[in-house]
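Asker: What follows is the residue order along each chain.
There are 2 protein chains.
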Amino acid sequence: MGRIAPLPPERIEELLATSLIGRIACATPEGRPYLVPMGYAYDGEAIYAVGFPGRKIALMRAQPLVVFEVDRGIAEDQWESVVAEGTFEELRDPAMCEHAMRVLHGDGPYPEIAEGCVLFRIVLTTRTGRFEVPDEAA
Amino acid sequence: MGRIAPLPPERIEELLATSLIGRIACATPEGRPYLVPMGYAYDGEAIYAVGFPGRKIALMRAQPLVVFEVDRGIAEDQWESVVAEGTFEELRDPAMCEHAMRVLHGDGPYPEIAEGCVLFRIVLTTRTGRFEVPDEAA
Chain A
656 MGRIAPLPPE RIEELLATSL IGRIACATPE GRPYLVPMGY AYDGEAIYAV GFPGRKIALM
716 RAQPLVVFEV DRGIAEDQWE SVVAEGTFEE LRDPAMCEHA MRVLHGDGPY PEIAEGCVLF
776 RIVLTTRTGR FEVPDEAA
Chain B
656 MGRIAPLPPE RIEELLATSL IGRIACATPE GRPYLVPMGY AYDGEAIYAV GFPGRKIALM
716 RAQPLVVFEV DRGIAEDQWE SVVAEGTFEE LRDPAMCEHA MRVLHGDGPY PEIAEGCVLF
776 RIVLTTRTGR FEVPDEAA
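Here the protein sequences come in this chain order: A and B. Each residue of the first sequence is one higher than the last, beginning at 656 in my numbering. Each residue of the second sequence is one higher than the last, beginning at 656 in my numbering.
Hints were generated in silico from the structure; no laboratory data involved. In this text, a Cβ means the ideal position worked out from N, Cα and C, and glycines have one as well. Careful, some of the hints might be misleading.
Unchecked claim - Quick list of the computed label-pair ranges, beta carbon to beta carbon:
(1) B:GLU665 - A:THR742: 35 to 45 Å
(2) B:PRO764 - A:THR783: 30 to 40 Å
(3) A:THR742 - B:PRO749: 14 to 24 Å
(4) B:GLY686 - A:ARG727: 25 to 35 Å
(5) B:VAL788 - A:ASP762: 25 to 35 Å
(6) B:ALA769 - A:PRO749: 51 to 61 Å
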C-alpha cells in the first residue's frame, strides 16, 4: 500500500475534463444505492450526458442529489480519483440544449438524440480528489 | 453512439477478475448515495478489500446492501462494464481472513493490515454486464 493524499484542484479539473467514462450513484426510494457507468463531457461546472429512458433517469428525476465519480489507475497503488456531489437537471431549454451538445460534440454536426432519450447535466456542487503513489516513489 | 448489448457471463467474470479498481456505492441513512473507488481482488464469488476506518465502512456496517461496479473503456462508444449487487461482510474468522489475504496477495508474504483497518468482502448476488461497440464495427 502506498501513500494516499488529496488531489490538488488543478488535477481534479484535469481528471474530470479528460476521462471518457464516469459513474453515477443514485439512491432508490427504498434507500438502496444504484450505480451505473456512462460517457460524459465536462464544461468546468457540470457534466453532460444523454441517457436512455430507464431506471437511472427515473431515479434521478425522483431524487436529483447524486454522486459522480471518475478515476484513472495504472496499478493497485498508483491511481487518482475524483468524487463529486451534484444535482441532476434535465435539459429542455433550447439554448441550454445547444450548449450541452457543444460540450458533448464540439462544433458539430450534432447527432440526433434518439426518441425518448434525455439530455441532462449534473451540476457539481462539491469535488474531492485523492491519489496514491507507491511507497518507493513517495 | 454505437450498439449496446449484454456482456456474456464469461466476459463478466473476466472483467471482474482482471480490473484493478472498482467502485462501491452505498446509501446513507438519509437515503443519499455515497460512492468510492477502491482496489480489490475477486475469487469468483466475492470481491475482497481492505478499508480504512471511515465513512464507507460505517455506511456499509449500517446498511450492507451495496452495488459494486467495474468498467473498461477505450472510447466513448467502446467499453464494457459490470454492475453487481452484493452484501458487505466484515471478515474476522482467521480462516476467512487467510483466504482473503490469499485472494488479495497470492501466496504471500502478506502485508500487515494497518491498525483499525477492516478486511472485508462483498458477496456478489447479481451481476449485470453491458458493452458497446462502435456502429461501424457492429
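Asker: For every hint, state whether the structure bears it out.
Answerer: Hints versus structure:
B:GLU665 and A:THR742 have their C-beta atoms about 39 Å apart, which keeps the hinted 35 to 45 Å range intact. Against the hinted window of 30 to 40 Å, the Cβ-Cβ separation of B:PRO764 and A:THR783 comes to about 34 Å, which satisfies the hint. The beta-carbon spacing between A:THR742 and B:PRO749, approximately 46 Å, falls outside the hinted interval of 14 to 24 Å. Taking the beta carbon of each, B:GLY686 and A:ARG727 are about 30 Å apart, inside 25 to 35 Å as hinted.
The beta-carbon spacing between B:VAL788 and A:ASP762, approximately 26 Å, falls within the hinted interval of 25 to 35 Å. The hinted window of 51 to 61 Å between B:ALA769 and A:PRO749 holds, with their beta carbons roughly 54 Å apart.
Going through the hint list in order, the structure does not satisfy hint 3, though it satisfies all others.
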